[in-house]
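A.B. asks: Here the protein sequences come in this chain order: A and B.
Take 1 as the starting number for the first sequence in the working numbering and just add one per residue.
Take 203 as the starting number for the second sequence in the working numbering and just add one per residue.
A portion of the hints provided could be inaccurate.
[Said to hold, decoys possible] Calculated lysine-lysine pairs in the DSSO-like style (CA-CA distance at most 30 Å, straight line): (1) A:Lys160 - A:Lys124; (2) B:Lys326 - B:Lys362; (3) A:Lys22 - A:Lys50; (4) B:Lys224 - B:Lys252; (5) B:Lys252 - B:Lys362; (6) A:Lys160 - A:Lys120; (7) B:Lys322 - A:Lys22; (8) A:Lys160 - B:Lys362; (9) B:Lys252 - B:Lys326; (10) B:Lys322 - B:Lys362; (11) A:Lys50 - B:Lys252; (12) A:Lys160 - A:Lys50; (13) A:Lys22 - B:Lys362; (14) A:Lys50 - A:Lys124; (15) A:Lys120 - B:Lys224; (16) B:Lys224 - A:Lys50.
Hints in this document: simulated from the structure, not taken from any laboratory.
Listed here are the chains, written in short residue letters.
Number of protein chains: 2
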Amino acid sequence: MYEGPIQDLIEELGRLPGVGPKSAQRIAFHLLTVERADAERLSGAITAVKERVRFCVRCYNVSEHEECRICRDARRDPAVVCVVQEPRDVLAIERTSEFRGLYHVLGGAISPIDGVGPEKLRIKELMARLGAEGITEIVLATNPNIEGEATASYLGRALKAVSSPEQPLRISRIASGLPVGGDLEYADEVTLGRAFAGRAEV
Amino acid sequence: MYEGPIQDLIEELGRLPGVGPKSAQRIAFHLLTVERADAERLSGAITAVKERVRFCVRCYNVSEHEECRICRDARRDPAVVCVVQEPRDVLAIERTSEFRGLYHVLGGAISPIDGVGPEKLRIKELMARLGAEGITEIVLATNPNIEGEATASYLGRALKAVSSPEQPLRISRIASGLPVGGDLEYADEVTLGRAFAGRAEV
Chain A
1 MYEGPIQDLI EELGRLPGVG PKSAQRIAFH LLTVERADAE RLSGAITAVK ERVRFCVRCY
61 NVSEHEECRI CRDARRDPAV VCVVQEPRDV LAIERTSEFR GLYHVLGGAI SPIDGVGPEK
121 LRIKELMARL GAEGITEIVL ATNPNIEGEA TASYLGRALK AVSSPEQPLR ISRIASGLPV
181 GGDLEYADEV TLGRAFAGRA EV
Chain B
203 MYEGPIQDLI EELGRLPGVG PKSAQRIAFH LLTVERADAE RLSGAITAVK ERVRFCVRCY
263 NVSEHEECRI CRDARRDPAV VCVVQEPRDV LAIERTSEFR GLYHVLGGAI SPIDGVGPEK
323 LRIKELMARL GAEGITEIVL ATNPNIEGEA TASYLGRALK AVSSPEQPLR ISRIASGLPV
383 GGDLEYADEV TLGRAFAGRA EV
């Protein structure tokens, strides 16, 4: 065990995803030896993210403003909404240039084993947007794994229940083409673009 | 690319050793979603390390005080000094409980390819300690790889040159038993303990 501040830093770094005890130690000693200004840029960047980044009031994507860049873009089609789990999934889809609508970020996926039921996701907020924003099409782009599929299937049912002949709602799920069991975040642009283009009605 | 602060944080995290672009992104989004207090503990720990941790004036180990915990410990034998490359190596040796002397941290190893000659290491400081502290034995515990061996061999010659019949200096190198080409930091306690116990005169 190290003394005081180094041990504290090793412990804090060890809480980060993908950082084991040895990496935490290596990073801590790296920070100890870099210029003070470099270490301050990192601690400042952490503080800035917590202070300046918030969630878009409309779609819950990350944003520096009340509404995110995408929701504020008048060239996007507000009648089509793509539902994703996390803000990083928005970026992955944006890179494909296949989608010109808006997003809705759920903040996770249904996972009974982790105690995440539908009520912990931003599903109420999605339902509220349907009527208020005149949405006519929903693309379900949750991850192609167990939790993501369960979430898509739950949302498919919930959305069909509010669709009516007077106000029909097209609901689709991004096509497989993505390797099943994988993470949407790691898909390459072509695969993810094809999955978008070949999305199937549910 | 993300907007402002998130992108800044991803870039700063990506500069850390062993953190690639995908890990940096994952850690940044993790920090975005954790409680503000947790993120502040991390940024505070980084600041604290830079503000409160310094190098021991005697052995150059990390310390919160002018002299480190080991140099201040009256039960340690000040006549025996173990020379290591980095502060993390001190911890690795302490874990073996094989060594009861003091340390001297060089701050690296001789590596012509990286432009590190003997003058960039704390060798002058080691030489100054010899007479001033009445040191009678030096254990060379630099890494068992090319740079560490070169450094041990350089130090072996330099130390022999100042050893005299009136003031003899025992100089030893930790035994192999450590896998060659490896990093002292990753050795298990037993292997490293045996390497210590079986150290050979040079």
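A.B. asks: For every hint, state whether the structure bears it out.
C.D. replies: Going through the hints against the structure:
1. Restraint check for Lys160 (chain A) and Lys124 (chain A): the C-alpha separation of about 15 Å stays at or below 30 Å, so the hint holds.
2. Our distance criterion of 30 Å between C-alpha atoms is met by Lys326 (chain B) and Lys362 (chain B), whose separation comes to about 15 Å.
3. Between Lys22 (chain A) and Lys50 (chain A) the alpha-carbon distance is near 27 Å, which keeps this suggested pair within the 30 Å criterion.
4. For the hint linking Lys224 (chain B) to Lys252 (chain B), the alpha-carbon distance of about 27 Å falls within 30 Å, and the restraint holds.
5. Proximity of Lys252 (chain B) to Lys362 (chain B) is assessed by CA-CA distance (about 38 Å); at most 30 Å being required, the pair is judged violated.
6. Only pairs whose Cα atoms come within 30 Å are accepted, and Lys160 (chain A) paired with Lys120 (chain A) is accepted, the gap being roughly 21 Å.
7. As the CA atoms of Lys322 (chain B) and Lys22 (chain A) are separated by approximately 27 Å, the hinted pair is consistent with the 30 Å bound.
8. This hinted pair does not check out: Lys160 (chain A) and Lys362 (chain B) have alpha carbons roughly 85 Å apart, beyond 30 Å.
9. Between Lys252 (chain B) and Lys326 (chain B), the direct Cα distance comes to roughly 26 Å. Compliance with the 30 Å bound is thereby established for this hinted pair.
10. The straight-line distance between the Cα atoms of Lys322 (chain B) and Lys362 (chain B) is roughly 21 Å, inside the 30 Å bound, and the hint therefore holds.
11. Proposed proximity of Lys50 (chain A) and Lys252 (chain B) is supported: the alpha carbons are some 21 Å apart, at most 30 Å.
12. Between Lys160 (chain A) and Lys50 (chain A) the CA atoms are separated by roughly 37 Å; this puts the pair beyond 30 Å, and the hint is violated.
13. Taking the CA atoms of Lys22 (chain A) and Lys362 (chain B), the gap is about 36 Å. The hint is violated against a cut of 30 Å.
14. A hinted pair counts as satisfied when its Cα atoms are at most 30 Å apart, and Lys50 (chain A) with Lys124 (chain A) qualifies at roughly 26 Å.
15. Simply put, Lys120 (chain A) and Lys224 (chain B) have alpha-carbon atoms about 27 Å apart, close enough for the 30 Å limit, and the pair holds.
16. Proposed proximity of Lys224 (chain B) and Lys50 (chain A) is supported: the alpha carbons are some 20 Å apart, at most 30 Å.
Checked against the numbered hints above, the structure violates hints 5, 8, 12 and 13; every other hint is satisfied.
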